[in-house]
Amino acid sequence: MSTRTSYLAGKVRVAAFGVFATLTLNFFLFRVLPGDAVSSMARVPDGSVELKEALMRQFGLDKSLWGQYLDYLAQLAQGNMGVSYASLRPVTGEVLAALGNTVPMTLLGIALAILVGTTTGVVAAWRHDTLVDSIISNVATVIYSAPTQWIAIMLILAMAQYLPVSGASDPFAFAADAWSVAIDRLKHMILPSLTLALATFGQYTLVTRSAVLATLGDDHVAAAKAIGFPVRRILTGYALPNALIPIVTLGALSAGTVVGGSVVVETVFSWPGIGRAMYDSIIQRDFPMLQGALLVVTVAVILINLAADIVNMKLDPRIVE
Amino acid sequence: MTRHIRGNFIGTAIAAVAALGLGMAAQTSSAKADAANGVLRVGTTFSCSSLNPYTTTQSSCLAALRLMYPSLGQASGTDVEPDLAESWTSNADATVWTFKIRSGGKWSDGQPLTAKDAAFTIDMLLKHIEGSTARRARSISTVEKAEAPDESTLVVTFKQPTANALGRLAQLLIMPEHVWAPLSEGDGAKIASFANDQPVAGGPFKLARFVADQIILMQPMDGYFGAAPALKGVGIQFFTDSTAMVQALINKQLDIVTPLPATSVDAVRKAGVEVANYPGLRFHSWLFNSSENQKKFPEIRDVKLREAFAHAIDRKKIAEVAYLGFATPGDSMVPKVTGQWSNPNVVGETFDLDLANKILDDAGYAKGADGWRTANGHRMSYHVLIPANVEGAEGLRALEIATADFKKIGVELIAEQSDNATVAAAITGPDNTFADATIAQWGWIPQMDPDFILSVVLCSQIGGLSETAYCNKDYDDLYAAQAKEVDPEKRKAIVWKMQEILQRDRPYIVTVQQNNVEAHVPGWSGFTENPIGFLDYTSNQTFMSMKPAN
Numbered sequence: 625m626s627t628r629t630s631y632l633a634g635k636v637r638v639a640a641f642g643v644f645a646t647l648t649l650n651f652f653l654f655r656v657l658p659g660d661a662v663s664s665m666a667r668v669p670d671g672s673v674e675l676k677e678a679l680m681r682q683f684g685l686d687k688s689l690w691g692q693y694l695d696y697l698a699q700l701a702q703g704n705m706g707v708s709y710a711s712l713r714p715v716t717g718e719v720l721a722a723l724g725n726t727v728p729m730t731l732l733g734i735a736l737a738i739l740v741g742t743t744t745g746v747v748a749a750w751r752h753d754t755l756v757d758s759i760i761s762n763v764a765t766v767i768y769s770a771p772t773q774w775i776a777i778m779l780i781l782a783m784a785q786y787l788p789v790s791g792a793s794d795p796f797a798f799a800a801d802a803w804s805v806a807i808d809r810l811k812h813m814i815l816p817s818l819t820l821a822l823a824t825f826g827q828y829t830l831v832t833r834s835a836v837l838a839t840l841g842d843d844h845v846a847a848a849k850a851i852g853f854p855v856r857r858i859l860t861g862y863a864l865p866n867a868l869i870p871i872v873t874l875g876a877l878s879a880g881t882v883v884g885g886s887v888v889v890e891t892v893f894s895w896p897g898i899g900r901a902m903y904d905s906i907i908q909r910d911f912p913m914l915q916g917a918l919l920v921v922t923v924a925v926i927l928i929n930l931a932a933d934i935v936n937m938k939l940d941p942r943i944v945e
Numbered sequence: 003m004t005r006h007i008r009g010n011f012i013g014t015a016i017a018a019v020a021a022l023g024l025g026m027a028a029q030t031s032s033a034k035a036d037a038a039n040g041v042l043r044v045g046t047t048f049s050c051s052s053l054n055p056y057t058t059t060q061s062s063c064l065a066a067l068r069l070m071y072p073s074l075g076q077a078s079g080t081d082v083e084p085d086l087a088e089s090w091t092s093n094a095d096a097t098v099w100t101f102k103i104r105s106g107g108k109w110s111d112g113q114p115l116t117a118k119d120a121a122f123t124i125d126m127l128l129k130h131i132e133g134s135t136a137r138r139a140r141s142i143s144t145v146e147k148a149e150a151p152d153e154s155t156l157v158v159t160f161k162q163p164t165a166n167a168l169g170r171l172a173q174l175l176i177m178p179e180h181v182w183a184p185l186s187e188g189d190g191a192k193i194a195s196f197a198n199d200q201p202v203a204g205g206p207f208k209l210a211r212f213v214a215d216q217i218i219l220m221q222p223m224d225g226y227f228g229a230a231p232a233l234k235g236v237g238i239q240f241f242t243d244s245t246a247m248v249q250a251l252i253n254k255q256l257d258i259v260t261p262l263p264a265t266s267v268d269a270v271r272k273a274g275v276e277v278a279n280y281p282g283l284r285f286h287s288w289l290f291n292s293s294e295n296q297k298k299f300p301e302i303r304d305v306k307l308r309e310a311f312a313h314a315i316d317r318k319k320i321a322e323v324a325y326l327g328f329a330t331p332g333d334s335m336v337p338k339v340t341g342q343w344s345n346p347n348v349v350g351e352t353f354d355l356d357l358a359n360k361i362l363d364d365a366g367y368a369k370g371a372d373g374w375r376t377a378n379g380h381r382m383s384y385h386v387l388i389p390a391n392v393e394g395a396e397g398l399r400a401l402e403i404a405t406a407d408f409k410k411i412g413v414e415l416i417a418e419q420s421d422n423a424t425v426a427a428a429i430t431g432p433d434n435t436f437a438d439a440t441i442a443q444w445g446w447i448p449q450m451d452p453d454f455i456l457s458v459v460l461c462s463q464i465g466g467l468s469e470t471a472y473c474n475k476d477y478d479d480l481y482a483a484q485a486k487e488v489d490p491e492k493r494k495a496i497v498w499k500m501q502e503i504l505q506r507d508r509p510y511i512v513t514v515q516q517n518n519v520e521a522h523v524p525g526w527s528g529f530t531e532n533p534i535g536f537l538d539y540t541s542n543q544t545f546m547s548m549k550p551a552n
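Chains as they are written, first to last, in the working numbering: chain A, 625 to 945; chain B, 3 to 552.
Next comes chain A alone, as it looks inside the complex:
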């Protein structure tokens, strides 16, 4: 087996172990939480001891913890993540629908944050210790420090008469053509994505500024300056590539947000995404939904990291040694 194949096999083994450990941990961790799903469900006018017992039986919660765990593994082996206690629908469909809502919104927000953050970071580094640097750095720090919920509410108050402020689409519209549907969805995406972008671009600005600033003093950059290359070429061709490692690392860390959503943003904008679904599941102790959502998010993040490892291996073959 070649070194490279061995390296990859090791990474896959770690990823597989990570998935199994996560699904096991998810199962037991949530059940350690105080409270259960049926207590609040039974807090209704027809509530009774018998109702609680009936619900426990219906959800299989009357079995031992190990019994429930084995049932869970058996279900998963068949590709079945169970049924949500709250909606009584299959978890797989619920999670995929929520992911379908989350990923486009968070991708747009994170992409916007990376674009604005790296651009302002490079400009701040190039003009370091000037008024421009000061303005960019301070604005980035202030906005990055602001609570996401506050940013969201300010945007709602300012933009509510121009843009949709809730949901992923207009629930009252019956637009049959794909173009109208797409435009409607895009309009609904603007404010939540902008909130996410504003809440996160500051870290890209600050990290990029530091990284680029560190490379500006390197010999090859000094040589490029001495040759008289234009500023744009020096920055994009010489300084930025060597400063990419921390920026890429930060981008990879954002993968969790892209897939896992943002609970705060999704809550304020009533966005039917995966972050909000997980929050609701915790409140309702909807174990199957919570396990399913976290499993899908975890698998996605592990796969993204695996892909990043492979990319790194291509970029720097010394890694496998």
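It is worth saying that the hints were derived from the structure and are not from the lab. Heads up, the beta-carbon is just placed ideally off N, CA and C, and yes, glycines get one too. Among the clues, some could well be false.
Stated by the list, open to error - Derived CB-CB ranges, DEER-like:
{"#": "1", "chain 1": "A", "residue 1": "Leu700", "chain 2": "B", "residue 2": "Asp476", "range": "50 to 56 Å"}
{"#": "2", "chain 1": "B", "residue 1": "Asn378", "chain 2": "A", "residue 2": "Asn762", "range": "55 to 61 Å"}
{"#": "3", "chain 1": "B", "residue 1": "Lys338", "chain 2": "A", "residue 2": "Leu700", "range": "51 to 57 Å"}
{"#": "4", "chain 1": "A", "residue 1": "Met680", "chain 2": "B", "residue 2": "Asp476", "range": "28 to 34 Å"}
{"#": "5", "chain 1": "A", "residue 1": "Ile928", "chain 2": "B", "residue 2": "Ala229", "range": "56 to 62 Å"}
Place chain B on chain A using the hints.
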């Protein structure tokens, strides 16, 4: 782009829904369900995850289902108005009720709606009362059988005389037998797993669109047995945050908001939106652990201590400051808005710290030099459990007010907030023994009939709805007596006596009675103030009375 059109909403809506469902992109027709088309758009923070009437416990789902399914009657205060049943009679001891069912009714799939559907529904509920229909069937647990001798007659036989029998039966939504009978076979497990995302409706409206926790959109149903609704459609949109909901109302993207946060009332009024503020059923309270299993703070079971505590809670200030005036001082667990059922002699204790101090002094809870009292050898310091996501910021402010006043009587209160599931487990735990908790702050939303709220303190509810472990055999006997009493005056006397026992023993101290605060934009008429709120799960009248101005 979406354009607004008048008229023919139904046809366009159906076509659009079909197109959306199939993922078709070829059609170009567009429509919007809005006020201009006579569609009432309601915004709420009460979500709805499922349209299965036997599994959902969410009031907004039940309110929507009540628009899509018929029932024998619709609640009107403490009375019942005819609905699918146009009239009814009962025998002398009110154990046999005969209903005359309206003729000509149809389900949305064209099948006839008859008394047989009503009889089937009740039988299905009884058949699976310990299983899949348990959430809806308890209210008819004293029913023996239901029969439909012909298509327009329903006969319901009770095992025993049952108080509010008519009200209980009117709570039930009638299901189409041809849809639900196959689900009811065997152990009825299919009833609980049935999504019911495309309900076969028999009420004034049928479903046009449902996306869980986002929207329920309904349109008038052809073939409805009653008078056609004035509304051309109803949409209930669900929000997870009230800021966006209020802004949608101000920007005319919604017509009604329920409940409206008290903090938004001024902003909404400035925007020209009308705000309704009227007494509701929901109350907030302190509850005391009455279980002997709780050994660490036995003084919590002392009724004199509870009496002193009741005098140290400034209900008026809590109503005015914590709830911004959108609440009134509370008294009985049976709210005054229920009319005759609330005992007028049960009044809230006066706020009197001197009296509270005296009661505690007389009871032997001595105040030390440091200002704190002692009981059973320890400082009187109690953790007050509070479900922050249910009681909200108002509840936390209320507890802060009480904490400051309690310091003046030498009693320390420490707020312990968590989510409702955690608090519920802490109150009853560990393992339903009630061995740990002392005090909690939580509330209830009673019904107009007192049976339910009076049941939460029964001995038999320990392990069920009970959150105090209160158990009083005399009280339980009175509960059983009122449940069988069909003479309203005699029942009222029993219910009043039960409230007096609760006031004496104080498993609960009702702090405030919260108002219903709802907002509605001009351009609609027929808005009614309903103690349950606009999203009424016992009657469709709040929606049926609404009319577009044009």
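Hints numbered earlier in the text: which of these fail when held up against the supplied structure? none
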